[in-house]
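> Read off the chains here:
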Amino acid sequence: MNYRSISDLNRDIRRWAMTLDRTPDLVAGIPRSGLLAANLLALHLNRPLADIDSLCEGRALASGQRLDGGNPFERDEPLDVLIVDDSLLTGHQMRRVRDRLAAAGLPHRLTYGAVYVAPGQEHAVDRWFDILETPRCFEWNVLHRDLLDQWCLAFEGVLCRRPHAAETEDNTVYRRYLEEAAPLYLPTRRIGWVVACRPERFRAETEDWLARRHVDFRHLVMMDTPDARACSDPRVQVAHKARAYRQSDARLFIEGSHEQAAWIARRVGHSVLCTEHWDMVPPSPAAQARNILVRYAVNLFRRPYETLARAKRNVTGRIGQRRRAIRARRRRARDSVMTKRRERRNRKLSGPDKP
Amino acid sequence: MNYRNIHDLAAAVRNWVERLPEDIDLIVGIPRSGMLVANLLALRLDLPLADVDGFCEGRVLIGGTSPRGGNAAGAGRTLVVDDSICTGRKMRQARDRIRAAGRDDRVLYGAVYATPEAAGAVDVWAEIVPGPHCFEWNLMRQPLLNEACVDIDGVLCRDPTPEENDDGPRYRRFIEDVRPRYRPATPIGWLVTCRLEKYRAPTEAWLRAHGVAYHHLVMMDLPDGAARIAAGSHASYKAGVYKRCSALLFVESNVGQAARIAVLSGKPVLCTGTQQFFEPSVAAKTLTNAKRAVRQGRTNPLKLIRRIASSARSRWHLWRRVGQGSDRTG
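Chains as they are written, first to last, in my numbering: chain A, 1 to 355; chain B, 1001 to 1330.
Be careful, since some hints might not be right.
[Stated by the list, open to error] Calculated cross-link-like contacts (lysine-lysine; reagent style DSSO-like; alpha-carbon spacing at most 30 angstroms): (1) B:Lys-1243 to B:Lys-1291; (2) B:Lys-1303 to B:Lys-1243; (3) B:Lys-1303 to B:Lys-1285; (4) B:Lys-1090 to B:Lys-1303; (5) B:Lys-1198 to A:Lys-340; (6) B:Lys-1198 to A:Lys-348.
[As the list claims (entries may be wrong)] Selected chain A positions facing chain B (in silico; Cβ < 8 angstroms): (7) Ile-6; (8) Ser-33; (9) Trp-140.
Source of the hints: derived by calculation from the structure; they are not laboratory data. Glycine included, every Cβ here is placed at the ideal spot set by N, Cα and C.
Excised from the complex, chain A in its bound form (with noise of 0.2 angstroms):
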């Protein structure tokens, strides 16, 4: 799984900004998290910031409080504007919004960019950073997205808070709790698998707690215990997230706690996203080669056919991933190469004009 934070994303388009071979005149984002793209990149570049909609009515959303100042708009000539989106799947978005902009017949100058673009996808866009390949998740829209019904999320210390160590004594201030207790983070798509750490007889509860803040799910993991005060030893808890990530067929799980989501992915040999830093906690390289071993040989004793041609196409996609890496990078120093030299040209061809 590849993720980036908001840090990541802020210091790749901060080298993205510096590497730009023309500065806009106006950054436009691309609704929904194009737009923190957008503003991002106008704020290095020191430069406004509009959407799409803004763009076409000929409004700044944001003007930069330049020396020159004012919405660059008023200055009544074609600008340079450059179209920005966070990252870059398919091109249909993208697609949509060159539709757009080509049927408002605009005079300005347009180029559009991508922070992150898939493989394939590089000619998509006439500009972009780097390249991700799927699967991928950010942290600014992880919640919010329609994979999410693939993934495992924890209820405790994601959807709310976790419960204190006096709460899970007594059983009236337990389902208190349960009723009551304040959320953190709301999804609002399907989640694949909730996994609550708490008696299987307070289930009903917790659906209660669920439907109420309209969280939608598909299965709802819970413990086998009767016993509340069990439940709060982190080693069982690690344990029982372990084993419901470990019987679903989920490729991310989504926990509160740093130290816990370490254990699981130390267990599990997958990646565990932790909310407490929103960071990715990768499994160590070994238990990822565990897993993947046993994956192969139970696989291999129930389809052994599909199970050898998902081999083999494993390996032709590393493969293929290795060869476009090593070509982006080349293009990369081509690009940099052709613009010193185009410098150099400018230089020869603006020479003669300087005293």
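Given chain A, work out where chain B should sit, using these hints.
What follows is chain B alone, placed relative to chain A:
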């Protein structure tokens, strides 16, 4: 000096989300830095986002897809946010604007970072940060630059490559033609560069051509590049300049040099390469402050008294706010 980068901002917004009232269904950003915060909040909560103008005219930038909030018009409250509140002027302007448009019922005003004095002017805030502060996202647009030393190579433009750095025609061409990286919107107090005094004319021409305003340009007074290499560390030279002038901040691109300058000068240094902030040790800071107070007491006692009074006021407000939290929801 308190510095916050975008990493800190994202973390502060994350923590803030948990404490915000649940019935918010629209986020409005105050241009321009407030838009960034509003954007982060809107994505995090999956709510619609608007700018102040758009809100007054009933437009949204991005719609929410959340089944909870958003489209149920008039059900919840609107949160108007800015990145920081210092004097409260921008917030007041936005408030007046929204009141004039007649949309100020059920509106909540908030800022991520508030100074202790101004925290009362907003309904919700995420973190109290005593001034003076500076932020990564508006570093080059802050009045603070008037009282800062800024390096040229690496900050305002890229560093020269080894081939370009030949102390001859190629280097002269680099100085004339290099593309600016940041264009500060306010005049800079001191431009401190390791370029030699003999390149003053082309450097000044380049700064003028790209509209960089400044008060002083400090260059190395050495005959040639060989002498510059013989003279040794750039960091100690920059630290010397920084120590002697009354600047409050040094902006440097190289991490190693930034750390060294902070140690040598006893004043804060910001590194733009990694967005790290280097604070000097407490002892060095105290010594610098004391020296500054003595100097100011001799030259301008009134200013010193005013500064002490304002700092005491800030401490008092900070002390009063501690433990109070920002759970007030208006």
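> Now tell me, hint by hint, if it's right for this structure.
Here is how each hint holds up against the structure:
{"no.": "1", "hint": "B:Lys-1243 to B:Lys-1291", "verdict": "11 angstroms, holds"}
{"no.": "2", "hint": "B:Lys-1303 to B:Lys-1243", "verdict": "20 angstroms, holds"}
{"no.": "3", "hint": "B:Lys-1303 to B:Lys-1285", "verdict": "20 angstroms, holds"}
{"no.": "4", "hint": "B:Lys-1090 to B:Lys-1303", "verdict": "26 angstroms, holds"}
{"no.": "5", "hint": "B:Lys-1198 to A:Lys-340", "verdict": "26 angstroms, holds"}
{"no.": "6", "hint": "B:Lys-1198 to A:Lys-348", "verdict": "24 angstroms, holds"}
{"no.": "7", "hint": "Ile-6", "verdict": "4 angstroms, holds"}
{"no.": "8", "hint": "Ser-33", "verdict": "6 angstroms, holds"}
{"no.": "9", "hint": "Trp-140", "verdict": "5 angstroms, holds"}
Checked against the numbered hints listed earlier, the structure breaks none of them; every hint is satisfied.
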